[in-house]
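*Asks:* Okay, here's what each chain looks like letter by letter:
Protein chains: 6
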Amino acid sequence: MKNQYVNLLQEGDYVNDYFVATRRDLRMAQSGSKFLGMVFKDKTGEIGGITWRNAVELAKVFEVGDVVNVRGRVNSYQNRLQIQVDQVLPLQESDYSIDDLIDAPDTSGDDLRSFRAILDSVQDPWLRKLLDAFWNDTDFVDAFGNAAAAKKWHHEYRGGLARHCYEMARLAEVMCELFPEIDRDLLLLGVFVHDLGKLEEMTHGLFVDYTDSGKLIGHLQIGADMVQEKMRGIENFPEKTRIQILHFILSHHGALEHGSPVVPKTLEAIVLHHIDNLDAQATAFSRIIGETRDKGQAWSDYLPLIERVIWTKDD
Amino acid sequence: MKNQYVNLLQEGDYVNDYFVATRRDLRMAQSGSKFLGMVFKDKTGEIGGITWRNAVELAKVFEVGDVVNVRGRVNSYQNRLQIQVDQVLPLQESDYSIDDLIDAPDTSGDDLRSFRAILDSVQDPWLRKLLDAFWNDTDFVDAFGNAAAAKKWHHEYRGGLARHCYEMARLAEVMCELFPEIDRDLLLLGVFVHDLGKLEEMTHGLFVDYTDSGKLIGHLQIGADMVQEKMRGIENFPEKTRIQILHFILSHHGALEHGSPVVPKTLEAIVLHHIDNLDAQATAFSRIIGETRDKGQAWSDYLPLIERVIWTKDD
Amino acid sequence: MKNQYVNLLQEGDYVNDYFVATRRDLRMAQSGSKFLGMVFKDKTGEIGGITWRNAVELAKVFEVGDVVNVRGRVNSYQNRLQIQVDQVLPLQESDYSIDDLIDAPDTSGDDLRSFRAILDSVQDPWLRKLLDAFWNDTDFVDAFGNAAAAKKWHHEYRGGLARHCYEMARLAEVMCELFPEIDRDLLLLGVFVHDLGKLEEMTHGLFVDYTDSGKLIGHLQIGADMVQEKMRGIENFPEKTRIQILHFILSHHGALEHGSPVVPKTLEAIVLHHIDNLDAQATAFSRIIGETRDKGQAWSDYLPLIERVIWTKDD
Amino acid sequence: MKNQYVNLLQEGDYVNDYFVATRRDLRMAQSGSKFLGMVFKDKTGEIGGITWRNAVELAKVFEVGDVVNVRGRVNSYQNRLQIQVDQVLPLQESDYSIDDLIDAPDTSGDDLRSFRAILDSVQDPWLRKLLDAFWNDTDFVDAFGNAAAAKKWHHEYRGGLARHCYEMARLAEVMCELFPEIDRDLLLLGVFVHDLGKLEEMTHGLFVDYTDSGKLIGHLQIGADMVQEKMRGIENFPEKTRIQILHFILSHHGALEHGSPVVPKTLEAIVLHHIDNLDAQATAFSRIIGETRDKGQAWSDYLPLIERVIWTKDD
Amino acid sequence: MKNQYVNLLQEGDYVNDYFVATRRDLRMAQSGSKFLGMVFKDKTGEIGGITWRNAVELAKVFEVGDVVNVRGRVNSYQNRLQIQVDQVLPLQESDYSIDDLIDAPDTSGDDLRSFRAILDSVQDPWLRKLLDAFWNDTDFVDAFGNAAAAKKWHHEYRGGLARHCYEMARLAEVMCELFPEIDRDLLLLGVFVHDLGKLEEMTHGLFVDYTDSGKLIGHLQIGADMVQEKMRGIENFPEKTRIQILHFILSHHGALEHGSPVVPKTLEAIVLHHIDNLDAQATAFSRIIGETRDKGQAWSDYLPLIERVIWTKDD
Amino acid sequence: MKNQYVNLLQEGDYVNDYFVATRRDLRMAQSGSKFLGMVFKDKTGEIGGITWRNAVELAKVFEVGDVVNVRGRVNSYQNRLQIQVDQVLPLQESDYSIDDLIDAPDTSGDDLRSFRAILDSVQDPWLRKLLDAFWNDTDFVDAFGNAAAAKKWHHEYRGGLARHCYEMARLAEVMCELFPEIDRDLLLLGVFVHDLGKLEEMTHGLFVDYTDSGKLIGHLQIGADMVQEKMRGIENFPEKTRIQILHFILSHHGALEHGSPVVPKTLEAIVLHHIDNLDAQATAFSRIIGETRDKGQAWSDYLPLIERVIWTKDD
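The listed protein sequences derive, respectively, from chains W, Y, D, H, V and G. Numbering-wise (the numbering used here), the first sequence opens with residue 32 and increments by one. Numbering-wise (the numbering used here), the second sequence opens with residue 32 and increments by one. Numbering-wise (the numbering used here), the third sequence opens with residue 32 and increments by one. Numbering-wise (the numbering used here), the fourth sequence opens with residue 32 and increments by one. Numbering-wise (the numbering used here), the fifth sequence opens with residue 32 and increments by one. Numbering-wise (the numbering used here), the sixth sequence opens with residue 32 and increments by one.
Don't take every hint at face value.
No copy is singled out in the list; a pair is fine if it fits within one copy or between any two copies.
[Said to hold, decoys possible] Only pairs whose alpha carbons sit at most 30 Å apart, straight line, appear in this in silico DSSO-like list of lysine-lysine:
1) K261 / K160
2) K246 / K33
3) K344 / K160
4) K344 / K261
It should be emphasised that the hints constitute simulated quantities derived from the structure, not laboratory data.
Modelling step: build the complete structure from the supplied sequences, incorporating the hints.
*Replies:* This is the structure:
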C-alpha cells in the first residue's frame, strides 16, 4: 500500500515509496561527467528524478516500465519539484497495487461490448470467419480491450482503442444509410482492422511507448501481418477480399505524407479514412478543451501539432 | 418542342434546334485571325461549335447561359463531333421547354424537407430567430432548394446543396450522441450556413458558373454577408453567437491553403469541417465509380485533382 | 507618480509600485499544485512575476491589461530577475500616469496628417463619400491614429498603422506614375482599407493582444464588415466598386497559405499586396538591425520566422 | 511469322498481322456515342487504333496483354498514323513468335549471375537460409530474372530488376569497404529484397502494367509478404533479423511522401535507400541522353517528372 | 522587302518569303519515321511549319535564330494554319530588312537614358568606378540597351531590361526617402547589377532563348562573373563592397526555392528583392490585362504559372 | 602546459587556465542590464561562462576564436556547470600548446594522399592543368588538407573534407565501371571541386564558424570563384569545360530548395550529387550511432534535422 503520492510531495520531503519508472536517460553533461535523469509516475501525477552519483550503475538496476521503490529527497529545480535520488529498486508484482499507479476510467468493457454488438451484424461469411478467428483468440480479445488508440493525441488511455472503434462504427452505420452503395460488412471490417497494429506498435501496460518493431516497421505493417495470420487459418479466403482488407489498413492515414504507402482508392476506404479522422480530431479537441478549462483558461495554450489555439467558449 | 438531341447528332446532320450556350470564347488564332468557340448543351450531353465567319459579330448576339437556336453542320474534329455554326439566335422563355435542357432527378424537395425537419429541432431562441429569418424569406427558400453544392466535384446538380446539408445534418446528429459536449443547436446552424455563399458565388440556372463576386470575394465572404444581413434584422442578436457563426463559415475549409482565412478553433467548427469533407469525398467517389462503371471500366481514369485512380471493385 | 522602474530593479529589492499586467496564467505544476505566472510592464521594460500562494484567488483579482500595484521581492531565476509576488491590486485611471507606462515616439500625428493629405487627392465621387464617412467618424479617427499595424513584426507601436499606410501611399503614387493604367483613386482606397480590421482584431491600448473575434474571424472579415457598414450609409453605392474594395481587403495577403481566402486578381490588388509586403519587410529588417546594433552584434540572432540571420554591415 | 511491322506502316496500308494489345479503352464521346481506343505494339514501335462500329462488342473480344491479329486501314490523325480497325482476334501462343513482339537485349542472364555471385558471399547462417529459400524456388528465379525494375523511369526492360540489383550490390560493396561498421551481409540482403514486390505489383510479360494488388497495396506490402512467406519456412528465424529486413523494404523509398510508411532508421537502411536512388537516377539520365541523341538533339525535351531538361553535351 | 506577312496568310496560299526560324525540332513519330517541326516568325505573328520529306537533311540546313526564306503550302491543322514546307534557305543580313521581322516599340533609348540619369547621382567613389567601367564598355552598353528582362513573363521585349531597371530605380528612390537608413548608392548599384547575367543567359536578337551556359550555370553566376571581371580592373576594390554586390545578385530571387542560393540578409538586399518582384508582377498583370482585352474577354484565361484568372474590370 | 581540463572541472573549483573562446554574446536581460555569455573549449569538452560585471568592457578584450586565459569560479546552473568569470585574457601562440585544445584523429594525411592518388589518374590535359594549378599552390594544399567538410552534420573535423572527397572518389570509380558512358576524368574533377568553397565559407582553425562571405554569398559562389581564378591562369582553357565544372559546383546540392541555383543536368552532375549525398548521410548516421552507443542508448535522441530517431541495433 502506497503512502506518498506525487501530487502531495513537497519540497524537503524524504521519499520512500513506489512508482512506475517512465524515463531513464543516462546523459553526459557538457563537462563530460554523467548523470541519470528519471521520471516516476503514479495515478496522481509524475515527478522527475536525478542522480549524479553512480549514475551508470543505477541505470542498470531497472528498466523503463518497471515499478520501483524510490528513495530520495524532494527539492525544487526550475520551478518544478524533483527527487534527488539515492536508491531505486525494482519490485515484484506482489509488492504493489496497480490501482495506486493508474487511474483510468474503466468503461472500456462497455465500449468493447457495444462495438462487438455492431460487428455481430456482419453477414458476409468470409468476413464472419475472420471476425470469429479474432474473437475466439482470448489473448487477442484481452489485448484489444486494454489497448490505447494512440500515445498522446486521442483515445490515449486503456480501452481507448475500443472506444475509438465503437465511435467509428456508429459513424459508419449512418454513412451506410446515406450511401446504400457502401458495402456495410466490409466497411465495418475496416473499422475493426484499421488500427490493429497498434497492439504491437506500442506497449499498453503501465507505460505506453513505441516498441522496436513499432519504430522500424510501424503499425500498418504489423496490422497487415496480424490480419493475414488469421486469414491463413481460413481455408480459401478470397484473394479479392484479402487485398481490400489490406488496402483498408495501408490507406487509412489518407495520404502518403501521413504515412500511408497507398492512398484510398475504394469508396469504403475513403469513408474509413474520413470517419477515423473526424473521430480522432473531435476527441482531441474535446480533451484539450477539458484540460484548458481545468487550468481556468478560456483559450488553450498554443498547440504546435495543429498550429492553433482552441477556444473553450467560456468567457 | 425539341427534335435534335446532342446524343443523337451524327456527322453530316444539319442542326436547327435549341440548346443552352455554356461557352462563348472569342479567340485569336496564332495567325492573327479571330474565331468563335462555343459549347452547346441539352439534357443528353454537350457539343462544341465553331465559326470563323463574323466571329466578332456573332459573339455579341448571345450570352453564356442563354437558350439559343443554333443552325449549322455537324462535322468531326479530333475524334469529336462539332457544329460548324452558321447562326445563333437567343430565345425567349416561352420558346423552349426547360425539361429538354436539364435532366436532374427532382428529389431536392424531399432532401430539403428532411433537412428542415432536423433544423426544426433547434431550441436556442436566437438561432431559432435566425433560421426563421431565412425560412420566411421565400426568395431565399427557392434559391436554396435549387442550388448545387459545387460546380463539379460533388453534389453538382440542382438540389445538391440541400442534399449535402441533409447528409451533414445526419452525421452531426450522431456526433452529438457520441460527444454530448457538442452544442447541437449551434452545430446544426453551422451545417445550414456553411455553404450559403454558394447561392451567389455561382449561377445555379441552366448553366452553373462562377460570378464576378464569386471570383473576387468568394463564397465565404458572400455567406458571411448573407448571414449578417439577417442578423441585423434581429434586435440584440448576441455578439458571441454572431462570431461563432461567422467562424463556422470562415473556417469550414479547415486550412488556410484550402481557402479558409481562419482554422477551426472550437469543437463544433472542427466537427463541421470534417463532416463536410467526409460527405463531399464519399459523394465524389460514389459519382466517379458510377461513371467508371458506365464506361465499362473497372478502374477510373486518372483523376488529377486527387492524384489517383479509383476502383469500382468490378473485375 | 512612479518610483520603481523595471530597468532599475535589482535582486533583493522589495517592489511596491504600479505596472501594466500583460500576462496572467494560472498553471498546474506537474506535481499537481497550482501557481500563477504573471508579466508586468512599464515604459522601461518588462519583468516576470510568480506566486504559489493563493494562486487561484489572486488570479481573480485582476485582468490582463489592467494597471496594477504590485508588492513582492525581486529575485533571480534562470538568469532573469522576477518578482515573488505578495499582492496585486488593480488601480483606477486616476491612480496612475500613463506616461510612466508607455513610451512610444508620438509622431503618429504627423504620419496620419501626411497620409490624409494624399487621400485628399482622391477624386472619384463614391470613393470620396466612403472616405468622408470614415473621417467624419471621430471614434474611428481616434482609433485609427492610435493603432499599431501588427503585434510584433513591423509597425508594432501606437501610430504604426498610420505610418505603414503613409509609406504604402507614397509607393502607390510612384507606381501610378510608372503604370498610368493603374486606377489611382482605387489603389489609394485599397491602402486605406487593407488593414482596417486590425482596429478590432487586436487591443491597441497599454497592452496589444488578439481579441476573441480577432482569433475566430480575423482582421480580413472584421475589416470587410467595417467598410460595408459605412457603404450601407451611402445610398446607391456601386456594387462593382464594393466588390473591388472587398477584394483588396480579402486578397492583400497575396496567397491562400498566408490567410487570404482569394488571391489578387486585378492590377490594383496585386500592386497593393506587393507594396504592403515591401514596406513591412523593409520596416522589420530596419528594426532588427537597430536592435542588433544595440546589442553590439554585427549579425542578428537567428530569426525563425524568416529563417535567417541579418547583417548590420558593421564589422 | 510477322510481315507488317509498326515502323514500316504507311498511310493507306491495309493491316492484317499480329501485335500485342496494350490499351483497350471504351470511351463515350461527348455526343454520347461510344468508341473503342486501342494501342498495338510490336518490337519496332506502337500505333493507335480506333473503331466506332461495334465498339462495345469488340471490347469484349480481347484483353489488354493479349497477342491479337488486327485488320484495318492505316490513316493519319493529328500527325500520327493510326489504324481504323475492322477486326481484332486474339491468338494462341502457337500462332505467333514472341521475338517479333519484344526486342530487349537479353543480357539479363549475365546480370543475374553476377548478382548471385555477390550474394553467394553472404555468411550469416539465417540470411543464407533465407537466400536459399528463394534460389531453390525455381518459379521465383524465373520471375526474378525476367522482371523489369520499373514501368518507365529506369531499368524498365525484361531483366532490368536483376541489372538494378547487381549495380546496387557493387555500390554496396564499396560502401562496406569505406564504412567497416556496415553489416555487409545484411546490406546485401537489403539489395536483394528491396524491390521483390515488383514481381507481383506489375505484370512482366509482353505488356508491363500495374496489377489490382499493385494498385491497392503496393510493392512494399507485396514484397514484405513474399519475404515473410519464406521466413515462415525457416524454423526459429530470428525476430530481430525479421524486422530489419522488413525495415529495408518499407523504408527504401526514403521518405513518407515518396511512399515509404517508415523512414530509414539504421545505417544499412539509409545506405540502401541512397544507392537505390543513385543507381536509378544515373540509369534514367543515361537512357534519356541516349534517346535525345537518337533524335539529333543536344538538349532533351522538358521532363516534367524531374522538372528540367538534360544535356547530352553534344554541340 | 517582304510581301507575305504571317497575319495575312490564308489556307491554300503558296508561301515564298522570309521569316525568323524560332524552332527546329527533328522528331520521331511513334511509328518510327522522322519529321521536322518548325516555327517561323515575323513582326505580325508566328506560324508552324512541318515536313516529312528529307527531314534529317533539312534540319542541317539552318539554325534556330536564322533568318530564312521559306517555300511551302499553307494548310490548316487542328484549327491552326501551318506551312507544309518544301524548302528552307538561310539568308545573309543584306538579304532582309530587320524591321519586317520585329516590331518592338523603340523606347528603350529613353528608358536607358532615364535610368543612367538616376545612376549618375551615385557618389560613392568605388561604386562610381564600377559603374564607369561598365558605361565605358561600348559593347556592354549596346547589349544592355537591347536586352529583354525575361523570356516570357515580364519586360520580354528588346529594351525590356532597361525599362525594368528604370522602374526599379524609381521605386528605390522612394524607399530611400522613407527609410533614410538605406544606403542609396549601394541599392542603386543593386538595381543595376541584379539581372546583368541575363545578357548572356539568353540570346537577345531576333529570337530570345536560353544559352547553354544559361541552362547550366544560370544568370546569377553569369552576372556575378561579369561584375567581378570589372572589379578586377579596379585596383584595391574593397572586399566588403564586393561581397555586398555579389550578395545582391545571388539573393535577389528572395528564396532558395526560387533559385537564389542565399536569401537576402541586408536591408538593401531585401528591398531590392521586393521592388524587383513588385515591378515584375505589376508589369505581367498589365500585359495580361491588355492581351485579355484584345481578345474581348473580361476575364483572362487560366494562368497556370500564377494559378488564377485575372480581371480586366471590363463588364 | 594546461592543468585544468573541462571534463575534470567540478562545482566550486577556481579556474585559472587557458581555453579557446567559441562564443562571446553581449546580451541585455529583460530588466535592461547587460551581461556577457561566453563558451570556452578545450580538447575534452566545452563549458559556459557568464559575467554581469563590466560585461561591456570585457566583451572588447577578446574575439571569438582567441585562445584566452580564464579566471573564475565554477558553479552549477540548470544542471550544467558554468564559470562565473572574473577575468579573460587573450594569449600569444607561444603561450599555449595547441594539442591541449583540439584532439582530432590526425589521419587526414592518409586520406589526402589516397584522394590525390586517384586524381593522379586523370588524363584529360586541361583537367590535368587545372589540378596541377591547385596542387602546386602550397597554401591551397595546406588549407585543403586541414579543412572540415561541414560545421556539424558530417566530416565536421580537421581533415574531414579530404576524407569526404576520398570516399566520393571511390564511389565515383565504381559508377564509372558500371556506366562506361560517364566521363571519368570530369566526374573526378567534380568530386575535387564540389566543396572547395568551404575553405573560405568557414574558418577551419580552433573554432569552426561561418565567415561574412560565407553567410552572404555561400560556398557555391566562393568555390566557383576559386576555380575560375585558377582557370584564368591557364591559357585557352576551353569554355565548354569551364561551364561544366561550374555546373558541378552550382548544382551539387541537387535541388533549388537545398541551395543549388541550378539543378543537375548532365549525367556526371547527377552522379556527383547522389554520391555526395550518399557519403554524407552514411557518415552522419555512423557518427550518431557512435554517439548514441557512448551514451548507453539503443535509440538516438530525436534528430530534428532528419525528423527521426536512429537505431544502433544494440538491444
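*Asks:* Would you mind marking each hint as holding or not holding in the structure?
*Replies:* So, going through the hints one by one against the coordinates:
{"no.": "1", "hint": "K261 / K160", "verdict": "both (9 Å within a copy, 26 Å between copies)"}
{"no.": "2", "hint": "K246 / K33", "verdict": "neither (35 Å within a copy, 46 Å between copies)"}
{"no.": "3", "hint": "K344 / K160", "verdict": "between (48 Å within a copy, 21 Å between copies)"}
{"no.": "4", "hint": "K344 / K261", "verdict": "between (48 Å within a copy, 23 Å between copies)"}
Checked against the numbered hints above, the structure breaks only hint 2 and satisfies the rest.
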